[in-house]
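Chains as they are written, first to last, in this note's numbering: chain A, 1 to 219; chain B, 220 to 446.
Heads up, some of the hints might be wrong.
[Stated by the list, open to error] If you only want the chain A side, here are some residues facing chain B, beta carbon under 7 Å, derived: (1) Ile71; (2) Val79; (3) Leu193; (4) Gly195; (5) Leu199.
[What the hints assert, rightly or not] Each pair of labels, with its calculated beta carbon distance range: (6) A/Val203 x B/Pro225: 44 to 52 Å; (7) A/Pro49 x B/Ser345: 49 to 57 Å; (8) B/Gln332 x A/Val203: 47 to 55 Å.
Worth flagging that the hints you see were computed from the coordinates, not collected in a lab.
Idealized CB from N, CA, C, for every residue including glycine.
Chain by chain, the residues:
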Amino acid sequence: MNHFFDLQYAAHILPDLARASIYTILITLVGFAIALVLGLVLAILRRSPIKAVSRTVGFVVEFIRSTPLLIQVYVLFYVLPAYGITMSALTAGTIGIALHYACYTSEVYRAGLNGVARGQWEAACALSLSPWRTYSGVILPQAVRPIIPALGNYLVAMFKDTPVLSAITVVELMQQAKNVGSETFRYLEPITLAGLFFLVISVTFAQLVRQLEFRLRLP
Amino acid sequence: MRELFPLLLQGTLVTIEIAALGTLLAIAMAFIATAAKLAPWAPVRWVGNVYVEVFRGTSLLVQLFWFFFVLPLPPFRIELTPFTVAIVGLGLHYGAYGSEILRGALRSVPGGQFEAAVALNMSAFSRMRRIILPQAMINALPPATNLMIELLKGTSLVSLITLSDLTFRARQLDEATFKTAEIFCLTLVIYFVLAQLLVTLMRHFERRVSHGIIAHSSRQITQKAAS
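Bound-form chain A, shown alone:
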């Protein structure tokens, strides 16, 4: 048996890995969609004039950001069933990673919202726009544009964190690579292929974000 990278074996296991990588991509896309919406909600709540609300949200964001995703996922998957909330591993994992990154995106949104000039808020107030129209029509279009690259970076970071979900038996790419490896006792090809998959996608995407950053720069 070939001891170095066995191309034939690699080609043989590729379909299995490709099937699992669909889950990796699915988790990333669904999780990021949730993180984008929830992050904005958290950022707006954090600006709430009610101190209790803004402080609580601030603390929760800080807490989730400074504790490991792995344990948060354990909490969702192992602790919640005791309180009657049972989720599949895939659901728990996606929600866990989405919550974790919502706290990161909320910080990005916060920076974007803080970057909008004061006069814009005052003008919206002077025109007596409703809070909804103030945000959707005036503030957000200006706040979001400069932070799109930062959000894109978190999409890449989230994509690279999906292997953590293998710890709660989600069969995403990493778990599948490990399973394939344990069947044949050849870990070199599956784990290297999984690594290459992450490398190619994240480097490509990081490049896109960099180009976007350049194009979005206001003249």
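For chain A, the structure is supplied; the task is to place chain B on it using the hints.
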């Protein structure tokens, strides 16, 4: 609750140990990678770039598994203990991120500082040590603090390569006692406290570094003026 704490604390000590050693290696790797990326010789620059892109572009868990499962088998046959894998994995992974921080911080030092050091006929080494790095440090420390917290969080993944850190102990206790909620919440709180301690420590360090530089440079200016 009371009987859980000592066991979790044992795991916490392992977590702190791994985080500290991983951070040291990451700092060393950040400096080495940055030096390689700025080298005058192109092949060295390529090595630096490839290292940073590969370790930033793949997941930490993939890297840990690669070191843990692939290296002991042929063609490599390198048997590493989980402890070594953890430190090497964390150090290499976060070192690649750290080199980006360091590069940005070095770039933020105004070009005039470099030119002035050249004009004063300083050697490349003392130029770096006395002029460029101290100023770059002020800009590098806040993002480095964030990265250290990411590293601390990243240590939880070493439980998946059978190292008995805090996360591993929590899983073990959970399986033995079924006090799932208490154990995991306590674990989260311990990580949170560790992160807050780290932030406090680094803020203190930041203040000292920036204070030291300002005091040092103004003292030099008054000395120069006097003489």
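Now for the hints, and whether the structure bears them out:
Contact between A/Ile71 and chain B, as hinted, is supported at the beta carbon level, the nearest pair being about 6 Å apart and thus within 7 Å. Evaluation of the A/Val79 hint against chain B yields a held restraint, the C-beta minimum of about 5 Å falling below 7 Å. A distance limit of 7 Å between C-beta atoms decides the matter here; for A/Leu193 the minimum to chain B is near 10 Å, and the interface restraint is violated. For the restraint placing A/Gly195 at the interface with chain B, the shortest Cβ-Cβ distance is roughly 5 Å, inside the 7 Å limit, so the hint holds.
Here the hint on A/Leu199 is kept, as its CB sits about 4 Å from the closest CB of chain B, short of 7 Å. Checked against the hint of 44 to 52 Å, the pair A/Val203 and B/Pro225 passes, with Cβ atoms roughly 45 Å apart. Our hint of 49 to 57 Å for A/Pro49 and B/Ser345 holds, since their Cβ atoms are close to 54 Å apart. The hint said 47 to 55 Å for the Cβ distance between B/Gln332 and A/Val203, and at roughly 33 Å that hint is violated.
In terms of the numbered hints stated before, the structure departs from hints 3, 8, listed from lowest to highest.
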